[in-house]
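> Protein chains in written order, with the UniProt record's numbering: chain P, 1 to 571; chain D, 1 to 571.
Among the hints, a few may not be true.
You can't tell identical chains apart in this list, so a pair holds if it fits in one copy or across any two.
[Claimed, not checked] Subject to a maximum C-alpha distance of 25 Å in a straight line, what follows is the list of computed DSS-like cross-link-like pairs (lysine-lysine): (1) Lys2 to Lys564; (2) Lys343 to Lys262; (3) Lys120 to Lys422; (4) Lys126 to Lys2; (5) Lys310 to Lys539; (6) Lys120 to Lys24; (7) Lys33 to Lys97; (8) Lys315 to Lys343; (9) Lys126 to Lys33; (10) Lys483 to Lys126; (11) Lys120 to Lys12; (12) Lys484 to Lys126; (13) Lys12 to Lys130; (14) Lys483 to Lys570; (15) Lys120 to Lys33; (16) Lys434 to Lys126; (17) Lys307 to Lys403; (18) Lys120 to Lys2; (19) Lys403 to Lys354; (20) Lys422 to Lys33; (21) Lys345 to Lys255.
If you are wondering where the hints come from, they were derived from the structure by calculation, not from laboratory data.
Protein chains: 2
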Amino acid sequence: MKASQFFISTLKEAPAEASLASHKLMLRAGLIKGVASGLYTWMPMGLRVLRKVENIVREEMNRSGSVELLMPVVQPAELWQESGRWEFYGKELLRLKDRKDADFCMGPTCEEVITDIVRKEINSYKQLPKNFYHIQTKFRDEIRPRFGVMRAREFVMKDAYSFHADYESLVRDGYQPMYDAYCRIFDRLGLNYRPVAADTGSIGGTGSHEFQVLAESGEDVIAYSDASDFAANVELAPTLPLSGERAPAGKALEKVHTPDVKTIAALVAFLNVPVEQTLKSIVVEGEEEGELVLLLLRGDHEFNDIKAEKLAGVKSPLAMASPELIRAQFGADGGSLGPVGFKGKVYADFATEKGADWVIGANENDYHYTGFNFGRDAAEPEFVDLRNVVEGDPSPDGKGRLKLARGIEVGHVFQLRDKYSKALNASFLDNNGKAQIMEMGCYGIGVTRIVAAAIEQNNDERGIIWTDAMAPFEVVIVPMNYKKSEAVREAADRIYAELAAAGADVLLDDRDERAGVLLNDSELLGIPHRIVIGDRALKEGNVEYARRRDNEPQSVALNEITAKVLEALKV
Amino acid sequence: MKASQFFISTLKEAPAEASLASHKLMLRAGLIKGVASGLYTWMPMGLRVLRKVENIVREEMNRSGSVELLMPVVQPAELWQESGRWEFYGKELLRLKDRKDADFCMGPTCEEVITDIVRKEINSYKQLPKNFYHIQTKFRDEIRPRFGVMRAREFVMKDAYSFHADYESLVRDGYQPMYDAYCRIFDRLGLNYRPVAADTGSIGGTGSHEFQVLAESGEDVIAYSDASDFAANVELAPTLPLSGERAPAGKALEKVHTPDVKTIAALVAFLNVPVEQTLKSIVVEGEEEGELVLLLLRGDHEFNDIKAEKLAGVKSPLAMASPELIRAQFGADGGSLGPVGFKGKVYADFATEKGADWVIGANENDYHYTGFNFGRDAAEPEFVDLRNVVEGDPSPDGKGRLKLARGIEVGHVFQLRDKYSKALNASFLDNNGKAQIMEMGCYGIGVTRIVAAAIEQNNDERGIIWTDAMAPFEVVIVPMNYKKSEAVREAADRIYAELAAAGADVLLDDRDERAGVLLNDSELLGIPHRIVIGDRALKEGNVEYARRRDNEPQSVALNEITAKVLEALKV
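The shape of chain P in the complex, shown without the other chains (with noise of 0.2 Å):
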């Protein structure tokens, strides 16, 4: 592509309204342009690096055996009621009357429409499993879009819905091929990114990984260890039990005179004790009414509800004790509670079994103990696993040790069981004639979020890196006054014509501009392989070639530079 027949359009400041890298470069770069707020036009730069993610995420997904399909952007309200979630989706479905006034939404997701084919289409356990995707436009009316297409309203996402006769077949045939192809379109578009285990959320069903591209922005914080694959949201990184003995008690048990401290912070000021060695309790209510549940977690680590709730004796939803109950049980308020003399069921999270002498609240309001020891104080309570994870914890796997990061989704996939296929009623019969109701699994990937997410992670002062596969362009040509140079212009055209010749992506940059501006756009748009043309070296019979993160060009001989090129491509 010559730059004269396409349409390249840069700015030097992005907009006052972007804050987040990727979205000032991507306005700076020109690939988008905003037409309301969370809706944008995917300018020709910006549609080829989208193209080009698409063309992945479909090879991928019809190696994995998916078979595409394209259902429509609007969606009657009937299914979405039938599915419940019509009610239950809140604003961020877009609802809309037709002009007779029939109620439909512009789909954020398609379980309903795919499941209402399905049932349709499927009767019999010899046409499962089954696994279907599209590639179509969506709309989430978030209540605040930001961050460009890293949340905006109108986005592409591919979606992939499998249907199995049963769990075994949805591990087997649909989740685990899913969770394959995800990775190989991560690895393929060079993401540095980790797949991992994930909360269900709202979709629901159980048994889900989100695929998180790793960035500083990112809004989520994902655990992962430094020797093996493991990684989960920092919420459902489990601790571990600790190993070794117990260190013996070197204190006697002392209540302290604590005057107005409420928090861990005055505490260990107060006493001027580490944090490590001071206990934290939370009081939760119990299953049965009344009753209340103890739990105690080192000062310094952050309570996890997700854990706590799954406990036995304790009330899900998790709910805090009233100050009233409290007061009733343990005889003092919120900021001096703790064990000692307290009747009902204690737990301590795992960190807290080693140790010995600890600081806590002496149950009576301006005082704590100092040397508590759990056996000798009171009883031992049940060590389990309370608090999120720390950066170096032990991995859950065993294997090397936590690190935290936070990350971008841009893909997941969910076992959704059979919370759609139960809503719609989509059974087939078994090989026994009786009706069963399919299980289901879903599977995305935000393909407009990962051109942002990917920028996110990769861009410098100078503006965005490309890998090769997502480039708008793999290569691009920048002739040093092409207008007037004959000899540049040669030499351009040549390298120009037998790049393309050899299938590379090669854009030819014939702009009538000053080579600054030229130079600097290059590196702005992050085209991956970069040849410079100037009369000066074309005289010694050399051109200039660097890739995007170098720091200095090479000379290159004009003879050899396509050679070269070519190659660094197939790498």
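Let chain P serve as the given structure and place chain D on it in line with the hints.
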């Protein structure tokens, strides 16, 4: 692709709601599936066809120099208010409100969005001309969605928009290249079509062609030459003055009593004269208040109001005269009118100029004249074009004679001129530094509709007949007894592998179905090339090969079939 890894779902009978051949066949062949009125899922088999059409459109648009981008489906009301279409468009524009109660619509076309982009991006004549296109889901809230994807509410359209410094550039750099690209597209798709000079309708501007696929079921009637490229909507095709001398008057003017004769049909029956010998009178309002104009044309010809409206002295828009005014100025009522004694302007159709001895109203109720002659019995009228062309009329370009046919509009090229660029103030600085409004063209192709139109044009009692270019698969291999006969399976697998390796788009129908089902499906699906493999022929080293239109298959040696099919695909 093997059928077992794909999804084939055919029906013996089409659902009752389908009336059009293409709608029935698309449902029976499982190309589409209804989701709601005018909303369809493109099933895997149909999507393959859609993508092939899309790719040919994209390739030819790129070749023509148009640059692809992607505008959003949902568009803000503000832009539509600026162009005036928010009020003007009517109920086909699906309006909606977001969660903040802001107004949006689902785009039926994108003149506003692209003009908004261009007015922000382009400000110098040096950046012109420019042509952008996208292939995107559109929505029109049709009052009566019908005929499947032929007139659906949600559909895929390719729309392009070109911007120019002046009208000459619009024609030279926009309109003509698009016209040519459209011809290449429809040629490659293998459609029998005509580019037809068209009225510009509600979208505004002047100068347009429709691309009509010829098919019995088409909603438009077009006139085309049997000896040249001339084609026009029947209402817009001009008629020519007759050559030669007028026939001499042979009869005297005679007033005859024609009681209760109010129509040409009644007149012809009552007097037993050929209809070609009669003249009908149409009275319309003139430009001046109270003025009437008389229009005369042959009794068997169809009046054309578009042509009449353009005549000097005729009120525009055309208004039929009131009975009161007619009675006052003619002294008679409609059904008995004529030029004798009428004082106002008289136009007569070209086809009446050379005739003599006409039968015509006598301006006295229940009376007509026979033996009426222009010049002798009334002043010579002005002879003009007043009627629709009929089959056999000379072609307006002087080459051959006209034929009439019905057509399905699948493309449209428009010279919008400054309709949108003026409303949205899309201006540029010319080479004198003066601000000018851009000239603009728009160019649409109904991508989903093409699929239906192609089927309307190419089907038989057995099913669809695809061209190689549009077929979901170019070749189908139908093995008889694939599961049980090792010889058949081996031959089928080998031919499949050979054809696929050579780049052919081949389907191996390995479904465990009876031979009759597989053969019928291959014809219903319209795959252009079919290879049938059975044990009996195989023993003699042969397979059967047939093109979809063939009545009888031919026997081909097993070791020659691959080469034969590949050769056929090149044609």
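> Decide, hint by hint, whether the structure agrees.
Status of each hint after checking the structure:
Proximity of lysine 2 to lysine 564 under the C-alpha cut-off of 25 Å is restricted to the intra-copy arrangement: shortest distance 21 Å within a copy versus 40 Å between copies. Taking the shortest Cα distances, lysine 343 and lysine 262 sit within 25 Å of each other inside one copy (23 Å), while across copies they are farther apart (108 Å). For the homomeric pair lysine 120 and lysine 422, the shortest alpha-carbon distance inside one copy (14 Å) is at most 25 Å, but the shortest distance between copies (51 Å) is not. In this homomeric assembly, lysine 126 and lysine 2 come within 25 Å of each other (Cα to Cα) only across copies, at 16 Å, whereas the closest approach inside a single copy is 53 Å.
Proximity of lysine 310 to lysine 539 under the C-alpha cut-off of 25 Å is found in neither arrangement, the shortest distances being 75 Å within a copy and 69 Å between copies. Proximity of lysine 120 and lysine 24 under a CA criterion of 25 Å is satisfied inter-copy only: 18 Å between copies versus 47 Å inside one chain copy. In the homo-oligomer, the alpha carbons of lysine 33 and lysine 97 lie at most 25 Å apart only across protomers (22 Å), although the nearest pairing inside one protomer, at 29 Å, exceeds that limit. Proximity of lysine 315 to lysine 343 under the C-alpha cut-off of 25 Å is restricted to the intra-copy arrangement: shortest distance 18 Å within a copy versus 100 Å between copies.
Within a single copy, lysine 126 and lysine 33 get their C-alpha atoms only as close as 49 Å, which misses the 25 Å cut-off; across copies the closest is 22 Å, which meets it. In this assembly of identical chains, lysine 483 and lysine 126 lie within 25 Å of each other by CA distance solely across copies; the values are 15 Å between and 66 Å within a copy. For a Cα distance limit of 25 Å, the shortest separation of lysine 120 from lysine 12 across copies, 15 Å, qualifies, whereas the shortest one inside one copy, 55 Å, does not. With identical chains, the CA atoms of lysine 484 and lysine 126 are at most 25 Å apart between copies only, with a shortest distance of 18 Å across copies and 70 Å within one.
In this assembly of identical chains, the alpha carbons of lysine 12 and lysine 130 lie at most 25 Å apart only when taken from different copies (23 Å versus 50 Å within one copy). In the homo-oligomer, the alpha carbons of lysine 483 and lysine 570 never lie at most 25 Å apart, since the shortest distance is 32 Å inside one protomer and 42 Å across protomers. Taking the shortest Cα distances, lysine 120 and lysine 33 sit within 25 Å of each other only across copies (10 Å), while inside one copy they are farther apart (41 Å). For the identical chains of this complex, lysine 434 and lysine 126 are intra-copy neighbours only, at 13 Å inside a copy versus 72 Å across copies, given an alpha-carbon limit of 25 Å.
Taking CA atoms no more than 25 Å apart as the test, lysine 307 paired with lysine 403 passes inside one copy only; the shortest distance there is 20 Å, against 80 Å between copies. Taking identical chains as interchangeable, the C-alpha atoms of lysine 120 and lysine 2 lie at most 25 Å apart only when they sit on different chains, with a minimum of 23 Å there against 50 Å within one chain. In this assembly of identical chains, lysine 403 and lysine 354 lie within 25 Å of each other by CA distance solely inside one copy; the values are 23 Å within and 98 Å between copies. Taking the shortest alpha-carbon separations for lysine 422 and lysine 33, only the inter-copy value of 22 Å comes in at or below 25 Å, while the best intra-copy value is 43 Å.
In this assembly of identical chains, the alpha carbons of lysine 345 and lysine 255 lie at most 25 Å apart only when taken from the same copy (23 Å versus 118 Å across copies).
Hint compliance for this structure: hints 5, 14 are not met, and every other hint is.
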